[in-house]
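Chemist: Sequence order for the protein chains is F and G.
The opening residue of the first sequence carries number 1 in the numbering used here; numbering runs sequentially from there.
The opening residue of the second sequence carries number 1 in the numbering used here; numbering runs sequentially from there.
Just so you know, the hints here were simulated from the structure itself, not pulled from any lab data.
Treat the hints loosely; a few may be bogus.
Same chains, same label: a pair holds when it works inside one copy or across any pair of copies.
Said to hold, decoys possible - Calculated cross-link-like contacts (lysine-lysine; reagent style DSSO-like; alpha-carbon spacing at most 27 Å):
| no. | residue 1 | residue 2 |
| --- | --- | --- |
| 1 | LYS256 | LYS154 |
| 2 | LYS256 | LYS36 |
| 3 | LYS154 | LYS101 |
| 4 | LYS312 | LYS83 |
| 5 | LYS297 | LYS83 |
| 6 | LYS263 | LYS101 |
| 7 | LYS263 | LYS288 |
| 8 | LYS34 | LYS263 |
| 9 | LYS297 | LYS340 |
| 10 | LYS154 | LYS312 |
| 11 | LYS83 | LYS69 |
| 12 | LYS263 | LYS154 |
| 13 | LYS340 | LYS103 |
| 14 | LYS83 | LYS101 |
| 15 | LYS55 | LYS69 |
This one's a predicted model, so the numbers in the text were calculated from it and none came from an experiment.
Now for the letters of each chain:
Number of protein chains: 2
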Amino acid sequence: MPQKTHFTSEITPDLDGREVALAGWVWEIRDLGKVKFVILRDRDGMIQLTFKPGKTPESLLELVSSLNKEDVIAVRGIVAASKIARAGVEVFPQELSILAKAKPLPVDIWNNTSDLPTRLKYRAVDLKNPRNLAIFTLASEILRAIRDTLYRHKFIEVFTPKIISTSTEGGAELFTVLYFERVAYLAQSPQLYKEQLTASLERVFEIAPAYRAERHNTDYHLNEFISIDGEAAFMNYRDIMDVLEDLMRSVVSVVKSREDRLKRWGLRPALEDVSGIPRVEYEEALAKLRSLGYDVKWGDDLNVEMQRALMKYYGPLYFITDFPADLRPFYTKRSEEDPKKSESYDLILNGIEIVSGATRVHTREVLEAEMRRRSLDPSAFEGHLSVFDWGMPPHAGFGLGFNRLLMALLGLENVREAVLYPRDRYRLEP
Amino acid sequence: MPQKTHFTSEITPDLDGREVALAGWVWEIRDLGKVKFVILRDRDGMIQLTFKPGKTPESLLELVSSLNKEDVIAVRGIVAASKIARAGVEVFPQELSILAKAKPLPVDIWNNTSDLPTRLKYRAVDLKNPRNLAIFTLASEILRAIRDTLYRHKFIEVFTPKIISTSTEGGAELFTVLYFERVAYLAQSPQLYKEQLTASLERVFEIAPAYRAERHNTDYHLNEFISIDGEAAFMNYRDIMDVLEDLMRSVVSVVKSREDRLKRWGLRPALEDVSGIPRVEYEEALAKLRSLGYDVKWGDDLNVEMQRALMKYYGPLYFITDFPADLRPFYTKRSEEDPKKSESYDLILNGIEIVSGATRVHTREVLEAEMRRRSLDPSAFEGHLSVFDWGMPPHAGFGLGFNRLLMALLGLENVREAVLYPRDRYRLEP
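So here's chain F without its partners, still in its complex pose (with noise of 0.2 Å):
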């Protein structure tokens, strides 16, 4: 049999009278006597298969009736249009084999009665449920999308070790790898690294894993998670949020492109469209909270439940910027005209918070100065320091949680449903 020609999404009417080859999975059989019909299912859909006498060679009308549900078939038939099939075309195969046979499945991906810990126990047959491959097909064409709005805005791809020899921040915890005679860390972020990288390939950008060995159990957090990090040479704070404005509004736009799928299989996409991001100062989003009679006083961080009441005001996706200094992280630039706050932002999408970045300190003298006022020393860091005494540009950045960027665009209800194979506090496996 040919290798597989189409996909089933490309199976359409006017391929009518076509011959084509189909591979992949028995969704349904029904079987109406003489006549048979079955869903084949594949990646990116579903077609009918009719099986009736006349049309279909005598060997396959067997063949058929012995298909179990995931049996994995390769087809080869004609393609007809068809006013009662959905999606308008039927398949009437020729010839039929079948590649591997399935026992029944340990989770319900036909009516999604399993729940999440027997779903993400047997995962790989999860992923089956047409809802998932409609959640990882479109992560995989967001990351595209993303990628591509960073390279036209010059950023570079670049990778940066995740083995790690002293804690990238402080404060994280880390989780601990034996590296031959010595002991080493994951690294919690490429923070350090992607500032460093600004001093050579000025704006860079990386879509790799990244570790926080916290105890969290909750719905959004990941003790392994993918971070879209980027760092622009000559850029401040104001830049980046252009950036990602740019970047989002390319994202909710592939999300548009798929919204019958998504639909079809019960997910509601969290945005229609992007036009301009409301940047919100974070003292405007204090006294908004307190005429909402929020008890919050400057110098206290927002949490998820203020981020959601603030949507009323500005709707699903806005940043909070120029957050107090003493909330932010070491490298985190102060405001010139009030050095209490810090060229700083959160984008924040459906309540959560997906993106944190900043315009970056670039002076050694500041920067040590950060570091003990938190508390740090700066002797720990006098490998990353001294890359600042040798040309070090003003730079800015963003860190990107992309597991939980795609919960948020899709309203899932746990942030484990936007991860293959996610680890948690107590799920290492599979």
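Since the structure of chain F is already known, use the hints to place chain G on it.
Modeler: This is chain G only, laid out in the frame that chain F set:
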């Protein structure tokens, strides 16, 4: 001063008379008394800034005298086509700011007199070398070309976990991670995950770090490297070799388009073009090697020296196919005609193996038998094996070492030159 409006590479004679804003680093200062030249370097190239009385504001002339090499500057000025200046163009600055001063560098980025250990110790500085800028901007463009090729072949991008609970494939040495109360490992490859994903997402690729705790300390081994992995349902190893041929064609055309810049900095691309890539059966390769005097018998693996020797017959880029099955991992499918052989291949560039792949076993019973044959205990792989019960398609795939590809393509002597921050047996910093 406005944001950088142009990269230096974008300043061409046709911009004559236009005002531009540039930013970058002082590469060279030529002081001819009244007239002074500053060569400004940025990520994409260099441009001559010309300061002369009458054309340059008085205050700038003084400022220029205070410049040191690698100071970070921003400039606003007027472009002028020139018959004398390199690239046929220069800029007459009207405004200049020193954004950061630089101390003398610990690496000679001008004359390449520093040795590799020094360069890697001060890697952030070493990366300012135009040769490195050429390598790593090209790396990003190659990655883009590779992804575009895989998208064209309908692969989608995925991410699989790098923290795993058991050895993926048996055999290789793994780094240990302390994962809360448990002992875990860093993945040596996404092999089993990507195979599982063919049962849902059909054609997947992943570009991510991979880890080998090998004690090698050679010029072509790394302990953390970027692995480009692809796996596709309903394909065999010949189909995958077709994809790889297309992929290498795109990669080489990117290199070709950057040839001038690469050659200027002493880099000699290994390939002029890719028409068809020879597919040499292992047995034929053995015969050729014997005719060259190598003492090699059926069942032996080929080493770098032999792979270099074969270039005499097949050129700088060729596949070796149909290896003895027992030389390959347990998941490799045996040939149907001769079960001593396997549906496997390596892709050799400049004597170095850059890709390895095969058609995979897709039935549980065979997989278990192949495990036992290699003294692996199937019960340790139960989670993976069970996926084969629930509709596993025939599939095939590849693993491409990105850093080795870059090394071989550009004729670099050491794979560490093809990584921003290498990790090796003795190197965990910076």
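Chemist: Could you check the structure against the hints above and give me the numbers of any it violates, in ascending order?
Modeler: Hints 2, 4, 5, 6, 7, 8, 10, 13, 14 not satisfied by this model.
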